[in-house]
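Asks: Each chain is listed here by its residues.
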Amino acid sequence: MAQTMAEKLFSGHNLAGKPVRAGDIIEAQIDGAMVHYHASEPMHDLALQAGFNEGLPRVWDPERIFVLVDHHQPTLSQKQADDNALIRREVERLGIRSFHDSEPGISHQMMADYGLMRPGELVVGNDSHTISYGALNAGGTGITRADMFYVLLFGELWFQVPQSIKVVLNGHQPNYPIAKDIVLYLAGRYGDDFAGNMSMEYDGSLVPQLSIDSRMCLAAHGVEVGAKLAMFVFDETTREFLRGRTDKRYEPIAADPDAEYEKEIVLDIEDMPFVVARPHQFGNVAPVDELAGQRIQQAIIGSCANGRFEDIEIAARVLKGRKVAKGVRFLISPASQQVYLQCVKAGLVETLLEAGAQVVTPGCGVCQPKVGFLSDGEVCITATTRNFKGRKGSLKADIYLAGPLTVAAAAVAGEIVNPKEVFDGI
Amino acid sequence: MAFDLNRRIRGRVWKFGDSIETDAINPYYRYPTMDELKQHTMEAYRPEFPKEVRPGDILVAGRNFGCGSSRPGLVLREVGVAAIVAESVARLFLRNSIARAIPIFMAPGITGVVHDGETLEVDYPAGVVRNPVSGASIELRRFPPLIERIFAAGGLPEFARERYLREQALAS
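Here the protein sequences line up with chains A and B, keeping their order.
Mapped onto the working numbering, the consecutive letters of the first sequence carry residue numbers 63 to 488.
Mapped onto the working numbering, the consecutive letters of the second sequence carry residue numbers 321 to 492.
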């Protein structure tokens, strides 16, 4: 029976030991569990609620649990500090060793930086963007805090084996990142749930040319179009990225050539314009030229979708010898300390600061109402994950989503603009 | 809190559109306590909702309900919502609702059979959702047996504890 990547993944992790097909409900063995800043809920609160009066009585395997207190570093309130202290106590009590509460950064990027998930593994996290691990051929998928409680106890979880959608990307990689434009374009064309509950499996002539940074952006955004998994093949680029990050063995997964897909979509990126998602939904997409002239007060590059080296590097290229427009707050947040260091070593930070951008602490804050709030009537263009109403504070503010090149160009122009009009390096 | 799927539910409908996100349902970034959340849930789409929702009301939504971050909709239960019925539900919101035993039902076509403010009946045992005034009814999707057992246990943490105690008893 020919299988998709999702069917391979869940067949290999099915506790019943049998091959599975799309639609089957199974209980699966988990390889890794990423618990982020809400750790106190699965590790403590839900244990009490379920009737474990002393807290979680055990964890299934302390070596396979990774606790990264990402959203709340550095802490922004007394409550966060108290919450983090509780998490620290529980981590020590339960013997979990992979604990990161003294290093700001986004959990998903740190899982990649430190080689904590590997190709072919089934890795869950109580954050929707756990799906980004598919960039490294790992079966990453978001679960809930209550699901995580179950995983911490047993190392198992129920799943419905997803149907798969093949996403074929063809064309040549230009000299700037285009992953964000691709996923926004697809959401605009097919709707913001076109991959609802499905496994997106990427293929096509563009894929081997895509950097890990771009694959992580595409995979992270799988959840914005409803997906359960967003899988890339394992290739030389993956192998090179993992070299030196993990010394554990891993077995990549690949779809069988005649696997059955629920649907297949094809995009030739040469036909694709620069695009922007208007407020307040991910799929509310238009070519950038239709929105040109829209004034902005804030611009952001960051998050688990676009806080990586190539996103910041293109911003630095745009800003070199230029200035951020007067009255525009341009926030740039590297996805992790490792990414930040990479940017510093490459000299990008100097360029960004000279141009008037603000480099803020790595983490999730710029993608939430935590760092850089908007007031009523303000407009922000951002290369982060979501443009929902209130995502940056006021319900009366407007958030536009775009790729890092389009955001940097807007920061210079003070308004949404086709990046070709600002930047001649493309 | 256990929820009996076999209990029929009848209530007044609050109708919402497509792709209602968890930032609107559970805006805890801005309102971290349950008391605050109750005063602000769903206001991004219908500012009157937190003030006017009554215990027993039913929330009807379009496709992709609960998209966005992985956040439970416990606040909807706290303000009295007796059931959520949607064209389709985003997977993490569905997982969250199952894991916390919040009554949620998928009934493709639901937005076509009921208007805002009308009464709706959810009859899970019969597998239908009915508009008693117009007489229109539509099929709802049954859950697989494993999911029904999680509902019966009162949610996944409770289900987990039952399993843990059973295994401990067998081991001793």
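Quick caveat, the hints were computed from the structure, so don't treat them as lab data.
The reader is advised that the hints may include incorrect statements.
So the derived list for chain A, only partly shown, Cβ under 10 Å to chain B, looks like this [unchecked claim]: (1) 102; (2) 114; (3) 161; (4) 286; (5) 342; (6) 345; (7) 447; (8) 448.
Some chain A residues flagged as far from chain B (calculated, every beta-carbon gap over 10 Å) [what the hints assert, rightly or not]: (9) 124; (10) 189; (11) 207; (12) 208; (13) 234; (14) 237; (15) 325; (16) 329.
Predicted model, so just to flag it, every value in this text is computed and none were measured.
Positions of the beta carbon are idealized from the N, C-alpha and C atoms, including for glycine.
Asks: Work down the list of hints and note, for each, if the structure agrees.
Replies: Now for the hints, and whether the structure bears them out:
1. Because the beta carbon of residue 102 of chain A sits about 13 Å from the nearest beta carbon in chain B, more than 10 Å, this interface hint is broken.
2. Among the interface hints, the one on residue 114 of chain A holds; its C-beta lies about 6 Å from the nearest C-beta in chain B, closer than the 10 Å criterion.
3. Interface restraint check for residue 161 of chain A: the shortest CB-CB distance to chain B comes to about 21 Å, outside 10 Å, so the restraint is violated.
4. Interface restraint check for residue 286 of chain A: the shortest CB-CB distance to chain B comes to about 8 Å, inside 10 Å, so the restraint holds.
5. Using the Cβ-Cβ criterion of 10 Å, the hint placing residue 342 of chain A at the interface with chain B is satisfied: the shortest such distance is roughly 8 Å.
6. Restraint check, residue 345 of chain A versus chain B: the minimum CB separation of about 7 Å is within 10 Å; hint holds.
7. Taking 10 Å as the C-beta contact cut-off toward chain B, the hint placing residue 447 of chain A at the interface holds, the least distance being around 9 Å.
8. Against a cut-off of 10 Å between C-beta atoms, the interface hint on residue 448 of chain A holds, since the closest Cβ of chain B lies about 6 Å away.
9. The claim that residue 124 of chain A lies off the interface holds: its Cβ sits roughly 17 Å from the closest Cβ of chain B, which is beyond the 10 Å cut-off.
10. With a least beta-carbon separation of about 6 Å from chain B, residue 189 of chain A fails to lie farther than 10 Å from that chain, contradicting its non-interface assignment.
11. At the 10 Å boundary, the C-beta of residue 207 of chain A falls inside the reach of chain B, the nearest C-beta of that chain being 7 Å off.
12. Once the 10 Å rule is applied to beta carbons, residue 208 of chain A is inconsistent with being away from chain B; the minimum gap is 3 Å.
13. Non-interface status of residue 234 of chain A relative to chain B is upheld: no Cβ of that chain comes within 10 Å, the nearest being about 33 Å off.
14. Look at residue 237 of chain A: its CB is around 33 Å from the nearest CB on chain B, clear of 10 Å, so calling it non-interface holds up.
15. At roughly 16 Å from the closest C-beta of chain B, the C-beta of residue 325 of chain A stays outside 10 Å, upholding its exclusion from the interface.
16. For residue 329 of chain A, the shortest C-beta to C-beta distance to chain B comes to about 22 Å, beyond the 10 Å cut-off, and the non-interface label holds.
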